[in-house]
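Spelled out from the first residue to the last, the chains are:
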Amino acid sequence: MMIHIAWRNIWRNKRRTVVVLTAVVIGVWAMIIMGALMRGVADQFVRNGIATLTGHIQIHARGYREDPVIENSMTDPLEVEEALAAVLPGDARWCRRIRVNAIASNARHSSGLTLVGIEPEREKGISFVGEAVSGGRHLAPGDRDAIVVGKSLIEKFHTKLDYKLVLMSQDTDREIASRAFKIAGIYEAEMEATEKQFAFVAIEAARGMLKLRNAVSEYSVLFQNNEEADSAAGRLREILPADRYEVSTWKDLLPLVTAILRMYDWFIFLWFFIVFIAMGFGIVNTMLMAVFERIREFGLLKALGMKPRLIVREVLTETLFLLIIGLIVGNLCGLATVYWLSDRGIDLTAFSKGMEFAGMARIIFPIIEMKDLLSANVVVVVLGLLVSCYPAVKAARFTPVEAMART
Amino acid sequence: MSIEIKMAWRNIWRNTRRSILTISAIVFATVLLIFMLSWQFGSYETMINTAVKVHTGHVQVQARGYREQMEIPLVVSDPAVVKAALGRTEGVAAYSFRANAFSLISSKDRTYGALVIGIDPEGEMKVSTLKQLVRTGEYLSPGDNGQVLVGRLLAKNLRVDVGDELVLLGQGRDGSIAATVVLVKGIFSSGEDEFDRGSLHMPLAYFQEVYGMRGAVHEVVILGKALDDTAGIKLSLEKSLHGQGDNGDLAVLDWKEMMPGLVEAIKMDLLSGLIMYVVLIVVVAFSILNTFLMAIFERTKEFGVLMAIGTRPGRLTRLLLLESTGLTTIGIIVGVVAGALLTWHFQVRGIIIPDAGEWLRQFGLPERMYPQLSFLSISIGSGIVFIITVLTALYPAFRVRLLKPVEAMKAV
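From first to last, the protein sequence lines stand for chains F and P. At position 132 of the first sequence the residue is numbered 314 (my numbering), and the sequence of numbers has no breaks. At position 255 of the second sequence the residue is numbered 282 (my numbering), and the sequence of numbers has no breaks.
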C-alpha cells in the first residue's frame, strides 16, 4: 500500500521528477565512469610495475636487494627450484635471471643501465620483454654475443641493429668484466625510461661475462592473478631458509605502486562523496518542494490519525524510489560507457611525454571493480535517505490545523 | 529596470528555504572549484620551481644538439661571450656554469656508472637548491679540487660515506681518457630516485682540468627574477648571442623545452581536472534546475495575471533571468569568500595527502602541499559555475513565454 502510494506520488509532477532523476543519473554515471578511469590508471601502474621485470614474487639471496651486486647471487639454484616446484600451482610460471648494474658504451656514448641475463623461452609471458621485440630478432637460448636493447637507447646511442655495444660490470672477483655484444634485437616498452634502463642477453652469456657457474641472481614468479602472491610467498618463506633467501611479493617490491593504489582508493571514494553532495542538494530541494506542495494532504492524513512515523516512512520511500530509478539508469549508462570504452580506451598519446613523466601508460582503459560499484551505490542510497530525512521530518511535523488552513 | 530588480530580489526570498538550499549548492560548487584549482595551480608552481631549482634553471644556453645527445664535445667553448651577453640582459637574477660527463665511479669494492656534473660552487648556490640538499658532510667550496658531492642512493650503492675515496673514469672532451681519484665531501638527497642514484657533483674548475675541457662548459644555467621573465630572457639572449655572428651553434632553451614531460603532465592534469569539474557542475546544475523550473510550475497563475495586465513576455523572461542570476550571484559571492578563506587557511597550514608522500617526492614535491590562491583560480572557478548555472536558467526563462494568459490564470 505504502509503496503503491509512494510510487504514484513521485509521478504526480513528472517534469520535476525527471529533472531530479537526471541529476542523479548524471551523478551516478560520472561516479562510475570517473571511478573506472581512475581504477584503470591505478591498474596500469600495477601492471606496468609487475611486467617490468618484477612479477608477483621474487626470490633473491639475502642481501641482494640492499646491495644488488653479483656476489649476492643464489649459488644453489636447485634448492630454490625444488621449493618452487613444491609450492606453485600448475598454472604459475617462473624464470631465472641474472641481473646486474652495468655500463654500456660505444665509440661516442656511454650510460649506466641494468644488464639482465634471461632465458628467452621462459621469460615469455612473465615480463614485457617476452613479446616486446619489434626490430631484429629475439634472443635465442645460449646466444653468446647477442644483446636486445630498447628503442630509446638505440636513439640515444645513435646506433642500429648489428652494431656493437660494449658492456662493463663487476664480476665475482670484483674485477671489471667487459664484453662486446652485437645488437640483435630492439624492444619497445610502455615507458621510455624502461627502454633506456634494461638491456637483455641470454643467461649463459651473462654468466660467461661475469664468471658465474650456474648462479642465479633472481627468480621471478607470475601467477594468474595478483591475489595468489601472498599465500604462495608465505609458504616459500617457510621452506627457504630465511638467513640465505629473501622472498618478496610485488607489494614489497613496488612500494610506490602500493602507495598509489591506496591513494587512488581515497580519491575514488572522495569523488563519490563530492558528486553525491552535488546531487544531494537537488534531492533535498525537490523533496522539500514535493512536501510543501502537499501540506494540506499531510494535514488531512494526520487529522485522520496517521502516525508521524508513517509519514516519515512515506516520504523516505518516495526518495528511495527516486534514488533506485536514478541508480538503475545511472549504473546502466555508466556500464554501457565503460563497455564502449573497454576496447578503445582513452588515447592520451597527445600527452605522451606528460604520461611518461607521470609514469602512466599512453592509453587508459576503464576498469569496473565490484567494490567501486558497490560503494558508489551505497553512498547514494544511504546518504540520499539521510539527507531526505529533513523533508520527511518536516512533513511529519505539520499540525493538522495549520496545514489544512493553508491554501 | 529598478522595479524589476526589486521584484526579482523579493521573489528570491519568497521561499527562503528553497533559495538558501539552491544558494548552498552554488556555494558548494564554487568553494570546491576555487579550492581544487588553487590546489592544482599551487602544486604546478611547486613542481616547476623545484624542477627549475634542482635541474634546469629557467633558461639555459647550450651547444646546439647537446640536450638530445649529451655528447661531451658539444660545448659552449667560450663562456665569457655568454657572460657578456647576460650582462646586457634584463630580468636575470643569477647564472652559473655546468659541465657534464658520464663516468665510471668505483669505490673500494663497487663500481657504478653516473653522471659527473661540474658546478661552480658559488654560482650554483644562487641558481639551484643543491646546497640545501646536502644532508651529510658539507657543500663544495671553490678550491675543493678532488672533492665531490654524491647522491644518497649512489653513495649507498657504492657503500661509501663522507671522507671515502672514489675513482672516476671517463672520457675527456677530446676523446682521451679522463681519470682521477676524489674524496666524498658530502652526500645530497633530493628525494628523486633518478637524480640521487645517478649523479655526482664536483667543482667546475676541477672538472675542466680532469676532462680536458680547455675552459669550456656544457650548460649556462640562468635563473630569472620570476618565472614570467623566462620568455623575455630567452628572446633577448637569442638576439644578442646570434647578433655576434659566430655563435650560431649556441641554442637558448627555456625550461619548457628542457622538460617537455613536466609541461605536458601539467596540461593533462589541468584538462582532466576541468573535465571533472564540468561534470560536477552539470550535476549541480540539474540539482538546482528544479528551483528555476518552479517558477513555471508554481507561479503560472501569477504570470498569467501579469501578462493579462499587459506585461510583455520579454519582461517576464528578463525578470526570471534576473532572479536566477541573482541567486547565482549571491551563491558565487558567498562561495568566493568562503572558498578564498578555506584555501587561504590551507595555504598557510598545508595539507598532507595520506599515502602520497613517496609518489609526490618523485616529482620533486614535498609531502605537505600548499594550495595557491590566485586571481586565476578564483575567476576560473566562479566563471565555470556562473556560466553553467545561467545556461540552466535559460530554459525556464524562455519557457515562460509560451504561457497563454487565459489558461495560465486558471491554473491553481
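None of these hints come from the bench; they were simulated from the model. Incorrect hints may appear among the rest.
Unchecked claim - Among the chain F residues that face chain P by a calculated CB cut under 7 Å, a handful are: (1) 208; (2) 212; (3) 315; (4) 317; (5) 319; (6) 322; (7) 348; (8) 352; (9) 463.
Just so you know, even glycine gets a beta-carbon here, dropped at the ideal spot from N, CA and C.
Taking the hints in turn, this is what the structure says about them:
no.	hint	in the structure
1	208	5 Å, holds
2	212	5 Å, holds
3	315	25 Å, violated
4	317	21 Å, violated
5	319	28 Å, violated
6	322	28 Å, violated
7	348	12 Å, violated
8	352	5 Å, holds
9	463	4 Å, holds
In terms of the numbered hints stated before, the structure departs from hints 3, 4, 5, 6 and 7, listed from lowest to highest.
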